[in-house]
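Trainee: The primary structure of each chain is shown beneath.
Number of protein chains: 2
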Amino acid sequence: MKSVMILTVWLIMIIMATPAAHGLGSRPKPDDGPGFARWIVSQNSWGVLTTLDFNKSPFGNVLSFMDAGTGIPYLYDSTKLDLTGIYAVADPRASLTVTEYVLGYCGSNDPQWPICAKLTLSGQLEVLNKSLPEGKWAEEELIKRHPQFGGFPKAMGFDVLKLNVQQIYLVNDMKPRKNVSVIEYFRV
Amino acid sequence: MKSVMILTVWLIMIIMATPAAHGLGSRPKPDDGPGFARWIVSQNSWGVLTTLDFNKSPFGNVLSFMDAGTGIPYLYDSTKLDLTGIYAVADPRASLTVTEYVLGYCGSNDPQWPICAKLTLSGQLEVLNKSLPEGKWAEEELIKRHPQFGGFPKAMGFDVLKLNVQQIYLVNDMKPRKNVSVIEYFRV
Numbered sequence: 023m024k025s026v027m028i029l030t031v032w033l034i035m036i037i038m039a040t041p042a043a044h045g046l047g048s049r050p051k052p053d054d055g056p057g058f059a060r061w062i063v064s065q066n067s068w069g070v071l072t073t074l075d076f077n078k079s080p081f082g083n084v085l086s087f088m089d090a091g092t093g094i095p096y097l098y099d100s101t102k103l104d105l106t107g108i109y110a111v112a113d114p115r116a117s118l119t120v121t122e123y124v125l126g127y128c129g130s131n132d133p134q135w136p137i138c139a140k141l142t143l144s145g146q147l148e149v150l151n152k153s154l155p156e157g158k159w160a161e162e163e164l165i166k167r168h169p170q171f172g173g174f175p176k177a178m179g180f181d182v183l184k185l186n187v188q189q190i191y192l193v194n195d196m197k198p199r200k201n202v203s204v205i206e207y208f209r210v
Numbered sequence: 023m024k025s026v027m028i029l030t031v032w033l034i035m036i037i038m039a040t041p042a043a044h045g046l047g048s049r050p051k052p053d054d055g056p057g058f059a060r061w062i063v064s065q066n067s068w069g070v071l072t073t074l075d076f077n078k079s080p081f082g083n084v085l086s087f088m089d090a091g092t093g094i095p096y097l098y099d100s101t102k103l104d105l106t107g108i109y110a111v112a113d114p115r116a117s118l119t120v121t122e123y124v125l126g127y128c129g130s131n132d133p134q135w136p137i138c139a140k141l142t143l144s145g146q147l148e149v150l151n152k153s154l155p156e157g158k159w160a161e162e163e164l165i166k167r168h169p170q171f172g173g174f175p176k177a178m179g180f181d182v183l184k185l186n187v188q189q190i191y192l193v194n195d196m197k198p199r200k201n202v203s204v205i206e207y208f209r210v
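Just so you know, the protein sequences line up as chains A and B, in that order.
If you read the first sequence in my numbering, its first letter stands for residue 23, the second for the next number, and so on.
If you read the second sequence in my numbering, its first letter stands for residue 23, the second for the next number, and so on.
Here chain A stands alone, though its shape is the one from the complex (with noise of 0.2 Å):
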């Protein structure tokens, strides 16, 4: 009997624990602003980072990213070959934009609906020493999540880009945009 009830304790225990294991797995209400920023970079894979060109215009491009459960996305590009990394060399300046849209949560709604959630992180992009440990960690770790990432050429000048985010703006009701506080989005 009583090893029935330490094996209840157990499961109720991991049962309760495994969506804290996911980090962020449900859908937050959203008023809850930075949990709802937390979540919708936490299940996007990919959005559209944006820079400025040689002419100080915006430049847009679709890259994938990973989180890996800190909030702070990195990326992988190319600062030989890709405008977007020879502009971020140039200029580290960017914004990185997602969308629930493409998560299936809109159903219906159009993706410009206030409530269908969309957030911009925007701040500074540093390319990351791949000698040294974050850079190393990362690159492996993006390789693993955007398995073809593996296929690019080491010699073109792949590098890890880590989007240091300061300044968050979420529209995901019928009020005006968010800003979410950078401090409490790193807390969540």
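In case anyone wonders, no lab produced these hints; they're calculated from the structure.
Be aware that a few hints might be false.
Just so you know, same-sequence chains aren't split out, so a pair can sit in one copy or run between any two.
To be verified - Think about it this way: if two alpha-carbon atoms lie no more than 27 Å apart in a straight line, the pair counts; the simulated DSSO-like pairs of lysine-lysine are:
1. Lys158 <-> Lys102
2. Lys51 <-> Lys78
3. Lys184 <-> Lys78
4. Lys152 <-> Lys51
For chain A, the structure is supplied; the task is to place chain B on it using the hints.
Mentor: Using the frame of chain A, we list chain B on its own:
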């Protein structure tokens, strides 16, 4: 049994023939840059529009658009309430990014794998005068194609934004990014 088979074959043929009826229905060959660019714009109904914020940093936002058969993207946004609309009035430089990933043409390829096509149109946004024919037509047509636009409060400064395209960047095969001629794009 035979009639069921005939019906099935007919249904499959009708379904397969449907895209051609829309003009730019079938996916062009990747080496046809202008045709491919026109096709991918015609097939998409939303993308990421990027403008410059007041610090001249890039700010991406998910917006719906229409092409209306001309290759010119028209968008509908509030120039009073939404950051993108507000920024566009202050500085018209912008880019619109779309991908065929959301159209289901990429199979198991990663959104960043080069044969999964992505396109960036860059240029200047123009706020159309809705009392003139082009603005009036575009607003009606945008609401027809994106019915929820009809639910945006008229008093909140919703305007038609036209992207006057000046440069076109296309990635659609294992080759460097293509610069598509804007003249040839409009000739398609």
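Trainee: Hint by hint, say whether it matches the structure.
Mentor: Hints and how they fare:
no.	hint	in the structure
1	Lys158 <-> Lys102	within (19 Å within a copy, 45 Å between copies)
2	Lys51 <-> Lys78	neither (37 Å within a copy, 33 Å between copies)
3	Lys184 <-> Lys78	both (21 Å within a copy, 21 Å between copies)
4	Lys152 <-> Lys51	neither (38 Å within a copy, 37 Å between copies)
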